[in-house]
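Kindly produce the complete structure, drawing on both the sequences and the hints.
Protein chains in written order, with our numbering: chain A, 1 to 248; chain B, 1001 to 1685.
Keeping only pairs whose Cα atoms sit at most 20 Å apart, straight-line, the calculated DMTMM-like set for lysine to aspartate or glutamate is: (1) B:K1614 <-> A:D171; (2) A:K238 <-> B:D1099; (3) B:K1380 <-> B:D1245; (4) B:K1190 <-> B:E1401; (5) B:K1617 <-> A:E161; (6) A:K238 <-> A:D193; (7) B:K1447 <-> B:D1243; (8) B:K1617 <-> A:E165; (9) B:K1497 <-> B:E1334; (10) B:K1617 <-> A:D171; (11) B:K1617 <-> A:D155; (12) A:K220 <-> B:E1652; (13) B:K1617 <-> A:E174; (14) B:K1614 <-> A:E174; (15) B:K1435 <-> A:D91; (16) B:K1317 <-> B:D1332; (17) B:K1114 <-> A:D222; (18) B:K1596 <-> A:E174; (19) B:K1380 <-> B:D1243; (20) A:K176 <-> B:D1616; (21) B:K1399 <-> B:D1201; (22) B:K1602 <-> A:E174.
In case anyone wonders, no lab produced these hints; they're calculated from the structure.
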Amino acid sequence: MIRNSRTIAALVAALLTMSLAASCSRKAASAVLPKATAVGASIVESSGGKQIAQAGTPLPQPLVVQVNNEQGTAVPGALVEFTAAPGVTFDPANGLTDSSGQLTTNVTLGGMAGRYQLTASTTDKAHKNVELRIEEIALGYQQTLGRQLNDQYCDRCHNPESTVERVSNFDNLEIKPHPFTEGDTLNKISEADLTAIISHGGPALNKSALMPAWGNTLSKSDIQALTSYIRAISDPPKRNAGPVYAKN
Amino acid sequence: MKEELKSLGQKLFGDSVRAFGVVSLVFLGSLAIAPAKNRFSEWRHYQHGYLKMIRNRSDAVTLQRHFQGGIQQIWLPDLGVVDRCTSCHVGLKEASLADVNVQPFRPHPVIPHKLDQFGCTMCHRGQGAATTVAEAHNSTLAWEQPILPAKYIESSCGQCHRGPLPGAPQLNQGRHLLSGYGCVHCHTVKLPDGSTMKATDDPPSLSHIADKTTRQWIDAWLKDPQAYAATDTATMPNFKLSDYDARDISAFLIANSISLPGDSATLSAKASSDPAAGASLYGESFCASCHAVQNAAGNLVGGDIGPELTRVGSKVKPEWLQAWLHNPRAYDAETAMPHYRFSDPQVAILSGFLLAKTDSDLLANVHLEAATPEQIAHGKRLVSDYGCASCHEIAGIKKPENFAPELSRIGSKPVTQLVFLPGMQHTLPDYIATKINQPRTFGQGLKMPQYTFTPAQIDSLTTALLALNDRSATLPPSLTVAATPESDYQPAGKAGKLMADLACFSCHRINGHGGDMAPDLTWEGSSVQRQWLVDFLKNPNTLRPALIRRMPRFNLTDGEVNELTDYIMTVYQSPAVDRDSMPLSGYPQGQVELGKQLFYGKYSCQGCHIVDTKTDKGYIGPTLTQVGSRLTAAWIFQWMKNPQALRPGTMEPNRAMSDEDAGALTAFLISQKGAGKSEVAKAKK
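Structure (structure tokens):
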């Protein structure tokens, strides 16, 4: 009996040390950063900023950043770390720049809709942190619905970019529509006016009749979804009036 | 030490009064535990925090009025929901808190459901009755259903909504992948309505494979399907076969193949090598509508209905390709490929063009000796071991039943029944995602092959699988939204046979059946004029200038064209449009003028359509230069009144036109006879 319990105790102890060792080694592995073989002076975005994705889903394109030296030439082997609000994941979260001075990471945005600030950082010669901030947009339920409607009804005219699958009608229009990212213009249009233009067409606000009335085609909640999408992707972002705090 | 204890005992329990006093105090103290627990409870802490947060806001008065203290509960007996989440998540219904970013005070994003009618755990899972953060969100001993990570939230929509759902693209995509990537060939998925999820992909039959390709290609393909595909487009997964296994399976498949008589028939013309003619015939026939080819820049150009053709010359045998181009239905009666009725010289040109698409590296390292009977027998064993016949038809091998675990309720599988890998999070969504991503890492001898999914696709698949859970299986039908059943409409008679031969349904939809690449033809008979349809079938011209996917020319005979036209004109009639109720000409000039003004002014149709090629540039809708020879006046009139009623989902906005405006526009448009005018006049004479 005594012998039995001793063996069990020994076993338990062995297991504990093993699991401890395992957990320690795992922690250690995640904490170890690759050793930089070079340092740069600045970090710039190559591609992958200002993308739009549904909340909680991976961005369609990877994020690519580049580390440059004082002369502006790419630095291979510099260490770059990506950080963001909790919920955002990077694959990989850090690494050394490749031979062209770039590091590519796949980003999955968090589950909440909104704008996410991502930070890519590297250290310079003086061991100072050099940071680059990149913004990505996550769409919630309503905005995702709005994006689908945009793709179906609006995008062909309002998006000046053509793809192989979809030729833009933007250039064919006498009076150019506003791309929905054009925050400088669209942010000045109130919610009520935006809804009115979509429902009743351009003439509702003394604008071009080339913008047709969609009020009989789209439901009220459809139009709400569209405006919420337009607000979500505007650049610069639309600032809400927000709470006004009472003065003491 | 002992002495001290003794004296302490004396002090406390020395006489009966002291003892009574001490016991009473202890008793009183223990009575205070419950109120103290309540007083210092987490939800009270959060409610205080909320009140503090809103105090200085401009909307404080309203928020304060809405606020209710104490434990809040949503109780929905029908759904089995008892949710106390709103005890801490106090601001869920306060839209004015949109700027608040701290939990648990964020307002709920806009969704089409009301909180009071659905509760929280219907969508978010977790333990609704719990009143502490840990018990509500995490797995506990008594309750292992943790909160669902937000990225899989659409799976909860799928519990009640059985069909495609706008606003839940991830769920839709996941379900699409489940049925389209062959998952349900091996895994049974019984849907809550009693039906079984059907596969929508159509893996090729391997019974006649030796006619089509070589053993070398099969061997290379089995080892790594993506090596043949241009950009990971192969839907065939990688079974991680050893060289020996691939050798033996390829040996068996070739030995087992039964030759079809048509495939080896030699053609009068040999494959010709005229790249320019080949490219132009490939373009004219709009092969790219369905087939993709990788261009010099590395981009795939073309559709994904048919297989990708970048290296097709390294795969198919020349005589098979020629027979296939002549009549694909001779090899595969169910194929989505239309029977083009190419002439022999056309087949020679096109096959020559396709056979030149080779990749010398692909088969360079494949060296196979003649197969031995042992190898063939071993290959046969492997074919049944790996369940190849679950997806592919293979002569002499039966489709295995229940080859892989059933997934009908995978979304409720208890975590205790799962085996996790070291380093994995112990949650069901993580298990499912990892299993799809790296199925072979879970142990030796597992058969599930390696797919090539993107992270987004894995999330979508996980979302769709999580929707298959106990709740979804047991909800009464009155609380669910059923999927619209897929129509299996088939046209009848000779015309029906012809339409099947031309694979019209690969692109067009009629009465709810068919593809969505080309226009819905359900009411085509009410819509178009007979002569236009005849001309179009003989030589399809471009209606929408911006489209790269178009109707190909099938080289139909006059008899076939008449057969099709007659059928379409008589059968595909809309009850809402009487095609003969309005004349095709003879409208008063004033009405035509008014229509023109409305077209260019009030309705600004030129934004999307072209009537006058000199001034109009609209590139979205069909060109209308000849619309008067194409459409019936009655159709145009009804289309003006309500386009979505005639073709649901069409992009043309419903302008709620008066009869007068619609009539004037009809008069204007029907006068646009274009170049086709003279032909129509001739036909009438």
